[in-house]
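If you read the protein sequences in the order shown, they are chains A and B. Position 59 (the first sequence) corresponds to 59 in our numbering; numbering is contiguous. With the second sequence counted from 1, adding 173 to any position gets you our numbering.
I should point out that these hints are in silico values taken from the structure, not numbers from a laboratory. Hints are supplied without guarantee of correctness; some may be wrong.
In the SDA-like style, the derived pairs of lysine to any residue whose C-alpha atoms are separated by at most 20 Å in a straight line are [as the list claims (entries may be wrong)]:
# : chain 1 : residue 1 : chain 2 : residue 2
1 : B       : Lys288    : B       : Glu349
2 : B       : Lys288    : A       : Asp60
3 : A       : Lys154    : B       : Asp373
4 : A       : Lys154    : B       : Asp292
5 : A       : Lys154    : B       : Leu396
6 : A       : Lys154    : B       : Arg209
7 : B       : Lys288    : A       : Lys154
Using C-beta positions, here's what the derived DEER-type ranges look like [said to hold, decoys possible]:
#  : chain 1 : residue 1 : chain 2 : residue 2 : range
8  : B       : Leu274    : A       : Arg151    : 23 to 31 Å
9  : A       : Pro141    : B       : Ala405    : 33 to 41 Å
10 : B       : Ala419    : A       : Phe56     : 26 to 34 Å
11 : B       : Ser261    : A       : Thr163    : 27 to 35 Å
12 : A       : Gly162    : B       : Ala257    : 21 to 29 Å
13 : A       : Lys166    : B       : Leu258    : 26 to 34 Å
All residues carry an ideal CB built from backbone N, CA and C; glycine is no exception.
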Amino acid sequence: MITPGGPSALPTSAPPAEPTGTPLAGPASTPLSARARHVRLVLAGVCVALLCVGTFWGDDDAFPFGPFRMYSTSTPPNGNIHVMVLEARMPDGSWREVPLDSSAVGVNRAEVEGQIPRFQAAPALVGRLVEAHDRLRPAEPRWTGARLVMRYLKLRDRRFVGTEEKVVAQWLR
Amino acid sequence: MAALTRWFFGPVPLARVAVFRIAAYLFIPLDLLVLRPLGSHHASATELYKPLIVAELLHLPRPTPALILVVTWTLIPLALLAAALAPSGRWQRVLGTAIFLLYFEQLIISFSFGKVDHDRIAYVVALAVLPTVARARLRGEGSAESAAWALRCVQIAVVATYFLSAFAKLRFGGVEWVNSATLVRAVMRRGTGVGRLLLDYPWVLHWSQWGIMLMELGSIVVLFLNGRWRYAAVGVLTAFHLTVYATISIMFWPHVLCLLLAFLPTERLVRHGHAGGVPAMGTEEAAPGAEAASAVPALVGGYDAHRGAAGEPMPVAGDEPVHPVGQPPEGRDAQDQPQR
């Protein structure tokens with residue numbers, strides 16, 4: 001991250017007492033001292049270098065220097081598209097698909113998909129989604145359980161041909 | 174080295190920084206309350222916190238509903254205050270630094286729940302570098318090398334978002350990414366009505382992947398364009414984001430804000446109002462949507478409009494030269510060459 005230069009760190013305002021680098025601009029422009037320029041160049045260089053390192057060797061947890069990996073994976077033209085869905089058990093015992101959205105359960109679909117191994121290892125975490133729903137949507141019926149279901153949308157020649165589903169984690173109140 | 178220094182520090186009008194500040198700081202309440210109110214939602218699910226490396230390195234506290242609330246509601250009034258004071262340039266370094274630190278903390282919390290968005294880097298860089306520019310007033314004249322460096326950093330971050338994402342695709346998706354069904358996946362997962370129409374024409378989505386890869390790899394050129402070529406490139410990139418929004422409902426709001434404000438001579442909006450008696454522009458440049466709709470054509474048109482029949486520079490009322498008459502910018506790489 002580029003550090004914001006405070007007045008003490010980056011002397012930009014006062015004309016430098018020391019001889020400065022070659023001014024780049026005419027009289028209407030405020031030049032920087034040679035030192036201020038060097039500090040800025042080094043900061044920019046370090047940040048660009050870290051971003052490049054993160055792109056090739058880091059992952060999302062290296063933010064702000066992680067790779068820009070949105071939609072970076074390949075889905076084979078004859079493969080499956082994975083979509084996580086949330087199903088909740090209503091007070092009458094029926095199961096219903098509900099929004100996997102931060103306004104309903106505190107986190108959104110992409111966030112849950114980013115933590116699938118955690119939910120598989122500790123299905124009780126699904127209960128935290130149910131409790132978040134209790135807090136965020138108090139006027140709605142309280143769910144008596146919930147399950148995360150991975151839906152596989154099957155492709156043939158890039159066209160949708162069918163669906164399969166598999167339960168990833170389940171929690172009952 | 175001299176060319177690099179010229180490229181980084183070719184002076185830029187300070188008014189452009191003031192315009193950037195107003196828009197960037199007004200974006201914060203819009204972001205936290207409307208576009209991405211994740212903080213308040215995450216407060217209901219803090220058990221799902223999964224810290225980023227930076228949070229552990231800095232020993233940041235595990236987020237609690239109270240912490241999320243405090244960060245959010247300190248940030249919003251500070252951002253509004255900074256935007257209100259930006260035209261005068263007062264308190265910008267102190268307020269700007271505080272806003273950067275708080276927004277960064279807010280993002281770290283927000284990205285610690287399993288998903289990192291990639292539309293924020295340029296905006297975070299903007300918040301980091303804006304406080305390094307002193308004495309930037311909306312109606313002020315003159316330019317500064319500090320402003321040039323700040324805007325150049327934002328430009329680099331904007332371009333890196335495209336350029337480096339091409340390498341992320343090659344790393345995670347392999348060379349076969351261009352021939353995969355990734356855009357079919359994007360549309361099937363979150364396509365709009367318009368986007369879903371494309372599912373009947375999968376070859377369009379297939380070849381779009383080639384177009385995206387070429388655009389991203391070629392994006393680095395934008396850093397070295399000037400004048401109408403730069404405006405054309407900004408137009409193409411903006412059109413790309415609008416197309417993505419229309420088809421899969423993903424919009425890189427803060428990124429597009431930085432794209433427009435770091436690459437376009439927005440100070441001309443203010444100068445136009447100054448000379449022509451048009452009402453103050455403080456609200457117009459603050460609205461990124463309005464700017465996208467109105468500023469770009471005006472600026473592109475302005476390029477030709479300022480030329481004489483023989484291509485000679487012509488003075489235009491209200492459009493004071495950045496460099497005093499008789500003081501042309503030094504070198505072809507000067508960042509803010511007058512567009513006349």
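- Message: Taking the Cβ atom of Leu274 of chain B and the Cβ atom of Arg151 of chain A, is their distance within the range 23 to 31 Å?
- Response: Once the Cβ atoms are compared, 41 Å apart, the range 23 to 31 Å for Arg151 of chain A and Leu274 of chain B is violated.
- For Lys166 of chain A and Leu258 of chain B, compare the CB-CB distance with the range 26 to 34 Å and indicate the outcome. 55 Å, violated
- Query: Holds or violated: are the alpha carbons of Lys154 of chain A and Leu396 of chain B at most 20 Å from each other?
  - Reply: 41 Å, violated
- Whether the CB-CB distance between Ser261 of chain B and Thr163 of chain A falls inside 27 to 35 Å: 59 Å, violated
- Task: Decide if the proposed pair is consistent with the structure: Lys288 of chain B and Glu349 of chain B, CA atoms, cutoff 20 Å inclusive.
- Result: 25 Å, violated
- Query: So does Ala419 of chain B sit 26 to 34 Å from Phe56 of chain A, Cβ to Cβ?
  - Reply: About 32 Å separates the Cβ atoms of Ala419 of chain B and Phe56 of chain A, which means 26 to 34 Å holds.
- Measure nothing beyond the straight line between the CA atoms of Lys154 of chain A and Arg209 of chain B; if it is 20 Å or shorter, mark the hint as holding. 31 Å, violated
- Take a quick look at whether Lys154 of chain A and Asp292 of chain B sit within 20 Å of each other, Cα to Cα. 30 Å, violated
- Cβ-Cβ distance between Gly162 of chain A and Ala257 of chain B: within 21 to 29 Å? 57 Å, violated
- Item | Agreement of Lys288 of chain B and Lys154 of chain A with the hint, judged by alpha carbon distance not exceeding 20 Å | It is violated: about 25 Å lies between the C-alpha atoms, which goes past 20 Å.
- Please work out if Lys288 of chain B and Asp60 of chain A have their alpha carbons no farther apart than 20 Å. Distance ~8 Å between Lys288 of chain B and Asp60 of chain A Cα, so the pair holds.
- Does the structure keep Lys154 of chain A and Asp373 of chain B at a Cα separation of 20 Å or less? It holds: about 15 Å lies between the C-alpha atoms, which stays within 20 Å.
Taken one by one, the earlier hints fail for this structure at numbers 1, 4, 5, 6, 7, 8, 9, 11, 12, 13, listed in ascending order.
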